[in-house]
Amino acid sequence: MKYFLQRIAFYLFTAWAAITLNFFIPRLVPGDPVQSLIAKFRGQLSTEAINSLYVLFGLDDDKGLWQQYLDYWAQLFRGDLGLSFTFFPSPVSQIIGDALPWTVLLVGITTIISFLIGTSLGVLAGWRRGSWTDGLLPVTTFFSSVPYFWLGIIAIYLLTGPDSFFPSSGGFDSSLVPAWDQYFIPSALQHSLLPALTILISSVSGWILSMRNMMVTVSSEDYITVAHAKGLSERRVAVSYAARNALLPNISGFALSLGFIVGGTLLVEIVFSYPGLGFILLQALGAKDYPLMQGIFLVITISVLVANLLADLAYLLLDPRTRKEG
Amino acid sequence: MEPVLEIRNLNVEYGLGDKAVRAVRDVNLTLHKGEVLGLAGESGSGKSTLAYGLTRLLAPPGVITGGEVIYHPEQGEAYDVLGLSDRALRAFRWAETAIVFQGAMNSLNPVHKISTQLTDVLKAHEPKMSEHSRNARAREMLKLVGISPDRMDAYPHQLSGGMRQRVMIGMALILQPQVVIMDEPTTALDVVMQRQILGQLIELRERLGFSVIFITHDLSLLVEFSNRIAIMYGGRIVEEAPAATIYRDALHPYSKGLLSSFPALRGPRRELAGIPGSPPDLAGMPSGCSFHPRCPKAFEPCAPHIPVLGRPDTPDGAARSVACWLHPTEQPVG
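Residue numbers (our numbering), protein chains in the order written: chain S, 39 to 364; chain P, 153 to 486.
Certain hints may be false.
[Said to hold, decoys possible] In silico negatives: residues of chain P with every beta carbon more than 12 Å from chain S: (1) 173; (2) 180; (3) 219; (4) 227; (5) 239; (6) 283; (7) 333; (8) 345; (9) 352; (10) 359; (11) 423; (12) 479.
[Claimed, not checked] Cβ-to-Cβ under 7 Å is the rule here; a few derived chain S residues that face chain P: (13) 139; (14) 261; (15) 269; (16) 279; (17) 324.
If you're looking for bench data, these hints aren't it; they were derived computationally from the structure.
Being a predicted model, the structure only gives us computed values, none of them experimental.
Beta carbons: idealized from backbone N, C-alpha and C, even for Gly.
Okay, chain S solo, but in the shape it has when bound (with noise of 0.2 Å):
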């Protein structure tokens, strides 16, 4: 329980300084979303419509780099995440929230589902080394050595066209309104295969390589032997001793890869124009939309903390060995 915690107390920290960053590091990149503006008119903006938009923006120069931090950390607090620039007058944690669920389900359930199949693969591959799960090995590789977005844009090459069953962009068909009925759904399921397929291509290997990697090392443990020598059936000691053992790290990567669901794969999204969290980052980055790009900061550096808690607590659960007594 101790143990418990100070993980918590070190979390609380780290939040803190990544909050703090986040704060910082949008403000130390030169220009602001008036000055684009600016140059977006040519300079035909008059010098009392520039400060109007100063002021609208509420980029006025009263204020202090202090009084903005605390300010920061009101708002915070209150869950206002401030108004978006290039959405405007949008509130931030309005567009987060419309963008998230995109994210999250099509990120967060092709990461399951990539990392149940990697595993398992990786299991058997691992257990029966030497057979043809091997030839699995070499194509894996090349796989997991191909980032998720050139994958992405070969299947759009590839794979769409004005006739093909899979849409080049979007998220949903565009004359359809989003809601929980059984014209969206089909459109938004057929919408994220491509993008489904190209992350869980790209990212399974990963999972087969580490798990039949662990599964090679394990099996060589003097306890499989005895496990063996026991006469315990080849099942029993394949899950119970061997897989059991050699998932430990995997859990701890799965943890992790979980964190990175939501700023993960802002690659594919902009590939897919995939109305999630990446491609909302990438236009509030080329409009300078500092509230928004903090929003999502927080929202990536949140869920990554959450996710190496998780990863803690699994090993805590899953190894005796980190537990400690009393």
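Position chain P relative to chain S; hints supplied.
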């Protein structure tokens, strides 16, 4: 005495084809009911390979290339372990022949409780047993090896090395096998713990009546704890005799070398001498008797001809066998 396990002409190789290394060569050995048979030799002499071979636990690339391992069950016909189907082999393992392995530290799975690891043997071999009686049996075994049954829920890392090896011994006896193979069971433990555990094992053997094959490089332990000793060199058995006979008057120069490499606790002082040279390379074995390049007494026949294990021409020759040209054998045993 009735035999319980007979090894006949067992050959084990590592690898295939021309590059194969013959680790066990034409080994003949009989284990009798209720006896402790010691198996001694330097590292690489093939003693562990022999143990893994006769239980068919060899990891690839180890292959059994010939021979028979005849097991005599308490009831029923004797059968060849090497000819068992996978299913029959699984049933044979642990129920008839249990093993206590070298690595006391790594023989238990670190993520499962002791209780799980004790009871899963019962689950596999006696599926009709109720969970309650499985647990009762596991507790009984812990008590038998001197561990408090309330450590059932402990994980291996919470036990000391000695306790872990006791748990392994308890686990080996849980199905009351006829044969227990001990592969350097106490190598990782300190001497005090070694003696404690072995003493306890001998006591248990007297109570439960199983036979033991005790593998070690520590001949002094064998002299004390075993009935008969077989000495291996270069994959062959070079001498086999009752423990006291080996200790008092070993015939093979290699056995003598092993015996003079540790000090006796009692009796007159004697010079300690090692065996010069190093164990043979199993891939490039010397011709003839594989010990001849290191043997102080080597003479003409040693280099060209392999001596056969047989009864020596000594007065007590009937109870022992040796493979050495110094003691030409009348008839090969096997």
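Tell me, in ascending order, the numbers of any earlier hints that this structure violates. 5, 7, 13 and 17
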